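These are the residues of each chain, in order.
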Amino acid sequence: NAGVTQTPKFQVLKTGQSMTLQCAQDMNHEYMSWYRQDPGMGLRLIHYSVGAGITDQGEVPNGYNVSRSTTEDFPLRLLSAAPSQTSVYFCASSYGGLAERYNEQFFGPGTRLTVL
Amino acid sequence: GQQLNQSPQSMFIQEGEDVSMNCTSSSIFNTWLWYKQDPGEGPVLLIALYKAGELTSNGRLTAQFGITRKDSFLNISASIPSDVGIYFCAGRGYKLSFGAGTTVTVRA
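Each protein sequence line maps, in turn, to chains D and H.
Counting the first sequence from 1 gives a position; our numbering is that position plus 43.
Counting the second sequence from 1 gives a position; our numbering is that position plus 733.
It is possible that part of the hints are untrue.
As the list claims (entries may be wrong) - What follows is a list of derived Cβ distance ranges for each label pair:
hint, chain 1, residue 1, chain 2, residue 2, range
1, H, 786, D, 102, 28 to 38 Å
2, D, 57, H, 811, 45 to 55 Å
3, D, 83, H, 815, 19 to 29 Å
4, D, 100, H, 760, 14 to 24 Å
5, H, 773, D, 87, 15 to 25 Å
Everything labelled a hint here was simulated from the structure, so no lab data went into it.
What you are looking at is a predicted structure, and each value in this text was computed from that prediction instead of being measured.
Think of the CB as a built atom: it goes at the ideal place given N, C-alpha and C, for glycine as much as any other residue.
Modelling step: build the complete structure from the supplied sequences, incorporating the hints.
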């Protein structure tokens, strides 16, 4: 299994540009999520999905959109990039359902985004 | 709100030492998790705890779910150079929250 994969690994954008960060998992996990990591702030949840066709907002959703058309893929779209969105973005997945194991998230390697 | 404080923020450790870090919460949690992040990589789950008082080991790592359900600690025994990295705690109350991390650097 490849686990959770993310592309690109690095990206530089200009203010106002849009782009999509890709995330895929091959573990048949129902639950997928996007986090951003900023120095000294831990991981903050942007959006999450409990299954194909279902998405919801996390702690810091403004400026980002997501969709979940398949179990495997969960892309994150930046609508109009701003310098405040400079961060490292992590996608994660886990088993869904009521079992405790949905807390045990597998993270991708991250996308390092700089917005100028 | 659900505040989660992790300490220390950073530590230098001598190879062979035992070290400890902890997380405390302003709210009761029903799950505590510990992750390690190597440079340039995503966090990797080390230990998951689901019951108050639970003590769980993973090799040289031991973590405990505090009896008050508001804290957890992680011990690393006999540190080695590959223990370098950032250790994150995470806890679930009404949501899953992450600590800011403890950066561990090993002195050879």
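Results for each hint:
1. Between residue 786 of chain H and residue 102 of chain D, the C-beta spacing of about 29 Å keeps the proposed range 28 to 38 Å intact.
2. For residue 57 of chain D and residue 811 of chain H, the hinted distance range of 45 to 55 Å is satisfied, since their beta carbons lie about 49 Å from each other.
3. Range check, residue 83 of chain D to residue 815 of chain H: about 24 Å between beta-carbon atoms, so the 19 to 29 Å window is met.
4. At roughly 21 Å, the beta-carbon separation of residue 100 of chain D and residue 760 of chain H lies within the given 14 to 24 Å, and the hint holds.
5. For the hinted restraint 15 to 25 Å between residue 773 of chain H and residue 87 of chain D, the CB-CB distance of approximately 20 Å keeps it satisfied.
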